[in-house]
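Going letter by letter, the sequence shown gives residues 1180 to 1257 in my numbering.
Everything labelled a hint here was simulated from the structure, so no lab data went into it.
It is possible that part of the hints are untrue.
[Unchecked claim] The calculated label-pair distances, taken between Cβ atoms and stated as ranges, are:
| hint | residue 1 | residue 2 | range |
| --- | --- | --- | --- |
| 1 | Lys-1190 | Lys-1221 | 16 to 22 Å |
| 2 | Ile-1256 | Lys-1188 | 16 to 22 Å |
| 3 | Asn-1233 | Asn-1192 | 34 to 40 Å |
| 4 | Asp-1257 | Glu-1199 | 31 to 37 Å |
[As the list claims (entries may be wrong)] In silico BS3-like links for lysine-lysine, alpha-carbon gap of 30 Å or less:
| hint | residue 1 | residue 2 |
| --- | --- | --- |
| 5 | Lys-1244 | Lys-1203 |
| 6 | Lys-1246 | Lys-1188 |
| 7 | Lys-1190 | Lys-1246 |
| 8 | Lys-1203 | Lys-1190 |
| 9 | Lys-1204 | Lys-1188 |
| 10 | Lys-1190 | Lys-1204 |
| 11 | Lys-1244 | Lys-1190 |
| 12 | Lys-1203 | Lys-1246 |
| 13 | Lys-1204 | Lys-1244 |
| 14 | Lys-1244 | Lys-1221 |
| 15 | Lys-1246 | Lys-1196 |
| 16 | Lys-1221 | Lys-1246 |
| 17 | Lys-1203 | Lys-1188 |
| 18 | Lys-1196 | Lys-1182 |
| 19 | Lys-1244 | Lys-1188 |
| 20 | Lys-1204 | Lys-1246 |
C-beta atoms are modelled at their ideal positions from N, C-alpha and C, and glycine is treated no differently.
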Amino acid sequence: MRKYMVVEKFKPNCLEKNNELWNKKGRMLPEGLYYLNSWVNKEESICFQLMETNTPELFDEWTNKWKEYTDFEIFPID
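Construct the entire structure; sequences and hints are all you get.
Below is the structure:
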């Protein structure tokens, strides 16, 4: 399975709303996309998530659920 670094940048004034959605629904990962670990910067404006999948198209399904509050950059790790 290939690993990916996901960089989530919370949109201005959206961190609280993002956290409310997470507390209510969890990560909302589609089947086949797996969370491994994450780290948040000191300012709590950026989250780095290590994830893995054999189907990178699943990232579109997942990020569409969060796009109101978060911008994403996804990098494959070789």
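Hint check:
1. Lys-1190 <-> Lys-1221: 16 to 22 Å: Hint holds: Cβ distance 19 Å, inside 16 to 22 Å.
2. Ile-1256 <-> Lys-1188: 16 to 22 Å: holds, 19 Å
3. Asn-1233 <-> Asn-1192: 34 to 40 Å: holds, 36 Å
4. Asp-1257 <-> Glu-1199: 31 to 37 Å: At 36 Å between Cβs, range holds.
5. Lys-1244 <-> Lys-1203: Given that 30 Å is the threshold and the Cα spacing comes to 13 Å, the pair holds.
6. Lys-1246 <-> Lys-1188: holds, 10 Å
7. Lys-1190 <-> Lys-1246: It holds: about 9 Å lies between the C-alpha atoms, which stays within 30 Å.
8. Lys-1203 <-> Lys-1190: holds, 19 Å
9. Lys-1204 <-> Lys-1188: OK: Lys-1204 and Lys-1188 at ~19 Å, within 30 Å.
10. Lys-1190 <-> Lys-1204: Roughly 19 Å separates the two Cα atoms, so the pair holds.
11. Lys-1244 <-> Lys-1190: Holds, at roughly 14 Å.
12. Lys-1203 <-> Lys-1246: holds, 16 Å
13. Lys-1204 <-> Lys-1244: With a Cα-Cα distance of about 10 Å, the restraint between Lys-1204 and Lys-1244 holds, given a limit of 30 Å.
14. Lys-1244 <-> Lys-1221: holds, 25 Å
15. Lys-1246 <-> Lys-1196: holds, 12 Å
16. Lys-1221 <-> Lys-1246: Holds, at about 22 Å.
17. Lys-1203 <-> Lys-1188: holds, 20 Å
18. Lys-1196 <-> Lys-1182: holds, 28 Å
19. Lys-1244 <-> Lys-1188: holds, 15 Å
20. Lys-1204 <-> Lys-1246: Satisfied, since the Cα-Cα distance of roughly 15 Å is no more than 30 Å.
Consistency note: the structure conflicts with none of the earlier hints.
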